[in-house]
Every structure is written in structure tokens, then in C-alpha cells.
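The whole structure should be built from the sequences, with the hints applied where relevant.
In terms of my numbering, the sequence shown opens at residue 26 and continues consecutively.
It is possible that some hints are incorrect.
Below, computed lysine to aspartate or glutamate pairings styled on DMTMM-like, alpha-carbon distance capped at 25 Å [what the hints assert, rightly or not]: (1) Lys205 with Glu161; (2) Lys235 with Glu260; (3) Lys51 with Glu155; (4) Lys235 with Glu99; (5) Lys205 with Glu189; (6) Lys215 with Asp231; (7) Lys215 with Glu202; (8) Lys159 with Glu218; (9) Lys215 with Asp255; (10) Lys51 with Glu189.
Hints in this document: simulated from the structure, not taken from any laboratory.
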Amino acid sequence: MIEVNNLAVKTETQTLLEPLSFRIQKGESIGVLGESGAGKTMLTMALLQLLSSPLQVEGSVIVHDQHLNVLSNEQLRSVRGNTLGYVPQNVQAIFDPYRKIGVQMVEAIRAHERTTKREAKRTAMASLREVQLKDEHYHFFPFQLSGGMLQRAGIALVFSLQPELVIADEPTTALDEETKTLILELLLRKQREEGLSILFVSHEIDVIKKMVTRILVLENGKCVECGSVDQLMNEPSSARLQSFLHYEAVLRRGAMKND
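Here's what the structure looks like:
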């Protein structure tokens with residue numbers, strides 16, 4: 026589905042993301058685990074070909090035998106919508122704050138698919154319902170939604186385009202538990218029922234373990250460990266992953282005491 030070969034990000038004087046290679050097959054889920062500043066968002070931006078000068082991107086990203094680094098901007102826009110879906114940590118960046126949610130969803134759908142405005146509206150409203158938003162929210166401006174509701178609207182927009190792979194960059198950060206559970210369960214259901222592939226980026230190891238089968242651990246722009254969830258949870262070799270597991274155990278013990 027997607028093949029990444031020696032993907033790296035550099036400036037003239039510094040390497041920000043060291044060469045990284047991996048593949049994601051149809052229906053597969055891979056996690057990228059790391060603290061703030063580890064290079065997680067840099068990786069997602071490089072995958073989506075969204076970085077520009079003075080940053081230099083090396084290596085290749087291949088989707089269905091297409092090398093993304095040689096595509097035109099128009100071709101990349103099509104790939105980003107129809108094949109690669111992106112849920113950013115700051116979902117507000119998806120929406121124009123001065124235009125209604127539904128209008129923006131319809132325009133996005135029609136930009137990626139030949140369909141009527143009526144059909145696009147039907148698709149948009151169905152996607153909103155799927156994330157448990159109401160029909161009336163179609164007519165809301167972004168500022169009229171809470172943070173959790175806006176996050177759900179952003180995910181609805183991504184899914185309305187029916188991507189094959191979703192890159193989710195910290196999609197549950199700062200959300201309440203109910204909204205977090207809703208989003209995670211929706212992603213897993215899409216994977217199970219539709220063969221969705223997922224690249225799940227997070228600093229929360231308890232969340233990432235539920236979502237993926239393989240994990241890449243990033244630290245200071247370098248992959249320090251990779252492998253299956255079972256392998257890494259039972260035999261962590263890097264100090265960074267051991268630190269994550271220790272912190273998770275401390276939190277779990279604290280939660281048990283509070284209960």
C-alpha cells in the first residue's frame with residue numbers, strides 16, 4: 026500500500042529526521058511512538074510531501090507504485106484526499122473558521138470525486154452522524170463546536186473522502202475519555218470492516234498498544250527501536266521505550282490506588 030525508503034529530513038547543517046524505512050499493507054496498523062520533539066510530526070509531514078525549503082526531504086514515499094516526490098501539486102492533492110487521509114493534532118487547521126462545516130465538507134468531497142452537490146451533502150451528513158454529531162452541526166461554524174466535537178468533525182471530513190490510509194497525528198490528545206474512546210473505536214471499526222490502513226502517531230503508549238500491531242519508537246529524529254507490539258512490550262531494548270513502559274506502570278498503579 027505504502028512503502029517508505031530511507032526517508033530523511035535535513036537542513037544545510039543538521040539532520041532532523043534520520044533515514045527511516047517501513048511498509049504499511051492494506052488493513053495494517055503501525056504506531057509511531059515518541060515524546061514531543063522526537064520527530065513524529067516531521068515524519069508525517071515528510072510522508073505527505075508537505076515540507077518545503079529550507080527543509081530538504083530525501084528518500085522516497087511510494088503509494089500504489091507512485092513516487093510521491095515526483096508528482097505535481099495537483100496530483101499530490103488527489104493522493105492526499107483519495108488515498109491518504111490526514112488527521113492533524115490541531116484539527117482547527119483543517120477548517121476555515123469563517124465558513125460553515127458542511128459547506129467545507131461538500132467542497133472537499135466534490136474536489137476529490139465527481140458528484141453532485143446533493144450527493145456530496147448526503148455523504149457529509151452521513152460522515153458527521155458516524156462520529157455522533159447531529160445533522161444541525163452541518164450548519165455550524167467551527168468556533169461553535171467544542172474541541173472534542175471539532176475533532177470529530179475533522180475526522181468526519183477525512184472519512185468522507187474514503188481514504189485507504191489514515192495518518193492520525195495525536196488524534197486524541199487533550200480529549201475527554203468518552204470522545205477519545207469514540208474516535209479510537211471508529212478507527213478500529215473502519216480498519217476491521219473496510220480494510221483501512223492506519224499510521225497512528227502518539228506519545229501515549231497505552232493508547233498506541235490498543236491501536237496497532239507494530240511500533241516505531243522515535244527519539245531525537247531517529248528510530249531507536251521497531252517491532253511487533255508483543256515483542257517490544259515484553260523485551261524493550263531501547264532506554265526510551267523502557268522509560269515509556271515504566272511511566273505507564275506508574276500511572277497504572279496510581280489509578281489502581283485511586284480506585
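Results of checking the hints against the structure:
| no. | hint | result |
| --- | --- | --- |
| 1 | Lys205 with Glu161 | holds (22 Å) |
| 2 | Lys235 with Glu260 | holds (18 Å) |
| 3 | Lys51 with Glu155 | holds (22 Å) |
| 4 | Lys235 with Glu99 | violated (36 Å) |
| 5 | Lys205 with Glu189 | holds (22 Å) |
| 6 | Lys215 with Asp231 | holds (20 Å) |
| 7 | Lys215 with Glu202 | holds (20 Å) |
| 8 | Lys159 with Glu218 | holds (23 Å) |
| 9 | Lys215 with Asp255 | holds (23 Å) |
| 10 | Lys51 with Glu189 | holds (8 Å) |
Figure legend: structure checked against the earlier numbered hints; the only hint not met is number 4.
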